[in-house]
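Spelled out, the chains give:
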Amino acid sequence: EAGVAQSPRYKIIEKRQSVAFWCNPISGHATLYWYQQILGQGPKLLIQFQNNGVVDDSQLPKDRFSAERLKGVDSTLKIQPAKLEDSAVYLCASSTGLAGLIYEQYFGPGTRLTVT
Amino acid sequence: GEDVEQSLFLSVREGDSSVINCTYTDSSSTYLYWYKQEPGAGLQLLTYIFSNMDMKQDQRLTVLLNKKDKHLSLRIADTQTGDSAIYFCAPGSARQLTFGSGTQLTVLP
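First to last, the protein sequences are chains G and X.
If you count the first sequence from 1, position 50 lands on 50 in our numbering, and the numbers rise without skipping.
If you count the second sequence from 1, position 42 lands on 158 in our numbering, and the numbers rise without skipping.
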């Protein structure tokens, strides 16, 4: 089975510019997650979707970050405008989201963002 | 929210056992996961344990859970150079995980 796909793999932008990341989850996975992983830290959940609805976005900086999952499949995470502290790896993960099963999350390779 | 603590670094000799420790604060965590991250790659689920279990063995991996002390450990038997990676402890509910900052395991030849 194909894994979680993310693009681009790397992005360098200047502060105050905007950037968008794309994620294609594993086919049939209802739940999709975006994480931010700052160097030397564990992933921090930004937003969780169940199909095309938001389950949790409590840690998403909504003044600059936005995410959508139209049609309940692919997802896009946007930052506008970017700050230096947004430099991180942005990880997308998906899981089946089915009740009663282990919610194993499958991770994509991530997008490494550098803000200069 | 949940706080998860791990030591940052661990070095072992090839063939020895590795033990990676984790402490957490949320006693309501129902699943406790271990993920592995190799350089430039996403996270890969290694193993997990339910909160009502004390131990789980999966080939070279042994997970021990002390629920009273909120302490989780991962033992890797016969550690190989291919085991060099960052290991994350992630307690949580079935839907959400909180990741520790990771333990970088270095396996020396």
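Keep in mind that a hint or two might mislead.
[Said to hold, decoys possible] Taking lysine to aspartate or glutamate and the EDC-like style, the derived pairs with C-alpha atoms no more than 16 Å apart in a straight line are:
hint, chain 1, residue 1, chain 2, residue 2
1, G, Lys44, X, Asp174
2, X, Lys152, G, Glu104
3, X, Lys152, X, Asp174
Hints are computed from structural coordinates only; laboratory data are not their basis.
Please read all numbers here as calculations on a predicted model, not as lab measurements.
Subject >> Violated constraints from the hint list, given by number and in increasing order >> reply: 1
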